[in-house]
Each structure stands twice: as structure tokens, then as C-alpha cells.
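Engineer: Once you have looked at the hints, place chain S on chain E.
There are 2 protein chains.
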Amino acid sequence: MSIRIAIVGYGNLGKGVECAIKQNPDTELYAVFSRRAPETVKTLTGAKVYLLDDIINHKDNIDTVIICGGSATDLPTQTPELAKHFNVIDSFDTHAKIPEHFSNVDAAAKQGGNTAMISVGWDPGMFSLNRLYAEAILPDGKDYTFWGKGVSQGHSDAVRRIEGVLDARQYTIPVDEAVDRVRKGENPELSTRDKHIRECFVVAEDGADKERIENEIKTMPNYFADYNTIVHFISAEEMKRDHSGIPHGGMVLRSGKTGLQCEHTHIIEYKLKLDSNPEFTSSVFVAYARAVYRMNRHGNIGCKTVFDIPPAYLSPKSAEELRAHLL
Amino acid sequence: MSIRIAIVGYGNLGKGVECAIKQNPDTELYAVFSRRAPETVKTLTGAKVYLLDDIINHKDNIDTVIICGGSATDLPTQTPELAKHFNVIDSFDTHAKIPEHFSNVDAAAKQGGNTAMISVGWDPGMFSLNRLYAEAILPDGKDYTFWGKGVSQGHSDAVRRIEGVLDARQYTIPVDEAVDRVRKGENPELSTRDKHIRECFVVAEDGADKERIENEIKTMPNYFADYNTIVHFISAEEMKRDHSGIPHGGMVLRSGKTGLQCEHTHIIEYKLKLDSNPEFTSSVFVAYARAVYRMNRHGNIGCKTVFDIPPAYLSPKSAEELRAHLL
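Protein chains in written order, with this note's numbering: chain E, 1 to 327; chain S, 1001 to 1327.
Chain E extracted, bound-state conformation (with noise of 0.2 Å):
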């Protein structure tokens, strides 16, 4: 019997999750839930759509609900109130507030005997275990993640917001000269501007002033201020025709010592190169569903993370296959 999973929210990310199971012969799409009337979404599989309001009538027919929602209003209510009734996935990553989402989660997951986790994707998600497992095995290191290049959504909607402007783009982009020191084993000190530059891409309106406009981009604080940004204006076709994919991708590297007088130096770097961000992503929550309702079986309730997930949990294959081939 494949594993029954409810998508919630059809963005970027449900879309990509409804791609992914398609991949995954022991799991299967029962629904979409959104908050907008049924009849308005379409699917790319004609998957079913359901009003999120009901998503609790439909308990029985789900294993894993993945909550595809943004971290900044949709989770921090949409995760307790589903773990209630439902195993449960998200990817929230607002960092500060993570220790206090975890343990709304928690109290909610163990209320209704559910198994959730938060955070999943890639960063946090695959970039945190490598974060993990590197400190463990070198806990004389450093470590050191870069990411890009690859499109920043919050960076682009910033600079779409400057008077002037109707569309823009901007790349992360890790500084060659810093990544090639980590991997030196150099353990350099790199301050923000060392280490990501930032380029955009902004179709201005016909007559704006693009100096006044390429200042506010670079003086921004927070967001330009501390980096070397480049700024490019470009037409509406050219935005459309090279910047209409959304690529991501980066690196986790540990610098660190071994030996009795720390004389031997290693690398660990673990490096993504993504052509669709929000579908990689999608890829990590159905693994980790597989491995939500797993947990959820052998008892295993409560909030989890990556962290807590023993790696035999995400693969299809039996303990014995794994041992076998893959070990």
C-alpha cells in the first residue's frame, strides 16, 4: 500500500511535491488543499483540489500532509494545527524562531499521537545534517556555507519594491576567491562582503531615473548594504527570455585538524547545483514524508528534524537492499 500524501498550499513548492511523487512509485498524491476555491486551481496531474478548511474531513485517506506554505505567516499556525490530526512536513526557516516552532509543533504532534517535522529542504534541510555530521566527525574545525549562485526571492521582491522599477532579479553569487581558500584548508576569517556578491537584474520603467535606482539597490540596508552588488537594466524580453528559471544551489564545507599535533588537515564540502530550487526542495519533503510515516509507525511521535531521522527512513529500499548495494 504507497503512502497517501496531502498537499497543502499549490505555489512553487506543491507544484514540485506533486511532480516528486510521481517519481516515488511507493507513494501517491490523494489531494490538494487550498485556500482558494477548488474550481479556481488547476493542477498539473488533474490531482483532486480541496477547500483547506476541509482538509480534516478527509483524515482518513491521508498518511503525510507536506505544508508547502511561507514561513513568515502560513506555518507558524498551519503546523501546530495540522499536527493535531495529521503527520506533518514543513520547510519553515526563519532561524530565531525555529526553537519556538519546534516546540509548538511538538505539543500539538504529541496531542494527536502524529509525527511532524519542521524545516526540511535543503538549507536548513541537507545543508544543517552536513553542517552535523561534518562537526562531528572534525570537531577541531571550522565550517563555512556559501550559497548560490541562484535567485534570492527576498531580494528580488526588495528591489521590485523601489520606485521605478517593474521587475527584477538578483543572484547570490559565492565569491571564487573565498571558496577556493576554504578548500585550501586556509580557515580563513570572511566577512559577509567576503563571501557572496550580489547581482541584479532590473527592468526599470521607460524614463526612471536608473541612478537614483541603482544607489537605493546598493545603499539598502540588510539586504545590498554589506555586499558588493552589481546592477544590471535590462528590457522586459530579456528578463523573461534568461531569468525566468529559479536555480539555486551552494556549498557546506569543514576546514578541520587531526593527528597529535594537529598536522593533517581535511575537507568535507558537500555542493548542490540546482536548476530548480523550489523542486529540489519538493524532492527532500517526499523522502522525508516517506520517513515521517514510518516514524509514525514503529511509535516514533512528536516533532522531529532532520536531525532525528535514522537515513534507512528516506529510502524506499529495505534495510537489506541498502546493506547491500548501497553500503
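To be clear, the hints were calculated from the coordinates, so they are not data collected in a lab.
Note that the structure is predicted; figures quoted are calculated from it, not measured.
Just so you know, even glycine gets a beta-carbon here, dropped at the ideal spot from N, CA and C.
Misleading hints may appear alongside valid ones.
Unchecked claim - Now the stretches of chain E that chain S is said to cover, found in silico as 3 or more residues with beta-carbon under 8 Å:
1) 63–70
2) 94–104
3) 122–128
4) 134–145
5) 226–232
6) 315–326
Said to hold, decoys possible - Derived DSS-like pairs: lysine-lysine, alpha-carbon spacing no greater than 30 Å straight-line:
7) K1042(S) - K184(E)
8) K1257(S) - K48(E)
9) K1042(S) - K195(E)
10) K1240(S) - K317(E)
11) K317(E) - K1048(S)
12) K1022(S) - K142(E)
13) K1317(S) - K184(E)
14) K1110(S) - K195(E)
15) K1257(S) - K240(E)
16) K271(E) - K1184(S)
17) K1271(S) - K271(E)
18) K1042(S) - K257(E)
19) K1042(S) - K1110(S)
20) K1022(S) - K317(E)
21) K97(E) - K1317(S)
Structural biologist: Using the frame of chain E, we list chain S on its own:
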């Protein structure tokens, strides 16, 4: 109270574990156990040495035994024997015999109420983990493991057995072009020869027939015949000066597709660059010694592999700390 570790076998791996324990304040080295007469074994840190035959008398002082023997003859008997009395870890790496070894160790550990782990290190070990995670996330894909640049002891030994050879060191080197094709997402079919080069440094006896030696190396079945092999003859001084280290490393790559039409490609890469192969393996050992001890305290007995261990068990940090700082 710290985790009391015993080392069985005192070669390069055992010495590496001795050093790694010093880097992990929540662990301590109880003693080294050797088949050699204890008074003839001089430890790096002054650790006590006992006869392996007496280890059972030290049962109450040991939380986890790290078995640093070889897969060919030591581990198939030592690990099940010791698992009857202790929590144990080994680095068994004879892939074809893993199912049999697992089954023997599992029965012994369960009989003693102990927790055992086999095939811990980087391959098998961290590379296996990365194969599993990447395959679970990107089921529609292909994985590639490259080893090196690094010293292969088995291949070095094979060259040393040739008549007229005084000493030899063999480096396994990934073929850059093959790695690049995988990184580009081409999903190439790669033969043994396409993936790795073998480079040998050989000290020959005075007057030895170098042409014959080179030919014997390059045509040796299994070890070299299927590879492009480069042979250099060097002096004993050069060998000592330039080839005393035991570096190694490699990478696990997975290239996979997502999207409704499989239109997006993603590359996951895990890469190690190690100054000392045995010291890195030892560092993985100590992190998993912590995990094995905790699994046992939680009543989780029997034989495990890296696939079965929740990542958090490897870290000395609490679940709260991990969520707050590494997630």
C-alpha cells in the same frame, strides 16, 4: 561521565583513534588491547596496553570497543566475538561479505544485549550515507563514486610483490574529464578505465629490469590491467621524502532529474580531501562510538550500519543546541 573507549589493534587506525579521542572531551581512552606483548607496544599518548586475550576482564570499564583490525582475517572473527560482550564498531569493507558479517555480528550483539556497528569509516561509511540520501532525494538519477587522489595500500602491496621491487606507492586518481562530465549532468556511461588513473612510484633493486617491472605492473589482472597506469622509478630517498603520507579522498556524485517532463537537472556532490586516510577514518569511528553508546543506552541493540543511526546521536551537543545552531 565520559564515554570510555577501548581500542583493539594498534596500527595506523588504532593510533588515529587514540588521537581523535583527545579531540572529543566527552570521550576517554580506557586502554589499547593488542595481540602483541603489551610491554612491546609504545602508545603515542602513554595509554595503557593490555593483552587482547584479557579484554573480558575489563568489561566493566569499557563503554565501546573500536576494532581497528583488517577486513580479510581479523574482523570476521573479532567483531562477532567481541560483540557478545561489548558495544563494538568496525570498518569491515569487503562489500560482497557485508550481509554475512552483518548477520554474524547481529546475532552476537543481540545475545549479549549489546549494540554493534559494522562498516564505519568513509567508504563504506560517509560515502554510503551520501549515496543513500542522494538516491532517496533524486530517485530518477544515477550516482558515481570517484576515489582519490590517494594512496591505495592494496595496490601498493601488489607492486611490492613483483620481483626486483624494493618499495612502491600507488595513487588512485580520478580522471578529471569524467568528473567534469558528471558535474555537467551528462549522466555518462563510464568504464573502469574512464574513471580512474593509477600512478605508481617504484624503487627498484640495483640492476633490476625496469622494463619488465613496468610491464608486469601494467598487465596485472584486476589491479592494473583495466586502467591507464603510469609508472615512475624513483630512489629510496625520493620515496621517503615525497611519498610518506597517506592522503586520500574522493567524491560521491548524483545527477538526477525533476519536473513534470523531467526538464530540470540537479547535481549533489559530497567530496573529501584527506591528508591522512587512517586519521579521518578514526575520526568517523569516534563520532559513531558516541552514537553506539547512546543507541545502547536507549535499548537499541543488535547490529547497525550508518544507515540506522539518527544523525543527532553523533554529536556531543544537545538536541536543543543542534536545532538552535546547526539547523
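Engineer: Taken at face value, is the distance from the CA of K271(E) to the CA of K1271(S) at most 30 Å?
Structural biologist: holds (8 Å)
Engineer: Can you confirm whether the C-alpha distance between K1240(S) and K317(E) stays at or below 30 Å?
Structural biologist: violated (47 Å)
Engineer: Three residues minimum, CB to CB under 8 Å: does the segment 226–232 of chain E make the cut for coverage by chain S? Let me know.
Structural biologist: Result for this restraint: violated, n = 0.
Engineer: Please work out if K1042(S) and K184(E) have their alpha carbons no farther apart than 30 Å.
Structural biologist: Not satisfied, since the Cα-Cα distance of roughly 34 Å exceeds 30 Å.
Engineer: Quick one: see if chain S covers the segment 122–128 of chain E, three-plus residues with Cβ-Cβ under 8 Å.
Structural biologist: As far as the segment 122–128 of chain E goes, the hint holds, because 3 residues have Cβ atoms under 8 Å from chain S.
Engineer: Does the structure keep K1257(S) and K240(E) at a Cα separation of 30 Å or less?
Structural biologist: holds (23 Å)
Engineer: Does K184(E) sit within 30 Å of K1317(S), going by the straight-line distance between their CA atoms?
Structural biologist: holds (28 Å)
Engineer: Would you mind confirming whether the straight-line C-alpha gap from K1257(S) to K48(E) stays at or under 30 Å?
Structural biologist: holds (25 Å)
Engineer: Given the proposed pairing of K1042(S) with K195(E), does the C-alpha separation stay at or below 30 Å?
Structural biologist: violated (46 Å)
Engineer: K317(E) and K1048(S) were given as a pair; does the straight-line alpha-carbon distance stay at or below 30 Å?
Structural biologist: violated (44 Å)
Engineer: Are K1042(S) and K257(E) close enough, with their CA atoms no more than 30 Å apart?
Structural biologist: OK: K1042(S) and K257(E) at ~24 Å, within 30 Å.
Engineer: Take a quick look at whether K1042(S) and K1110(S) sit within 30 Å of each other, Cα to Cα.
Structural biologist: violated (35 Å)
Consistency with the previously given hints fails for numbers 1, 5, 7, 9, 10, 11, 14, 19, 20, ordered from lowest to highest.
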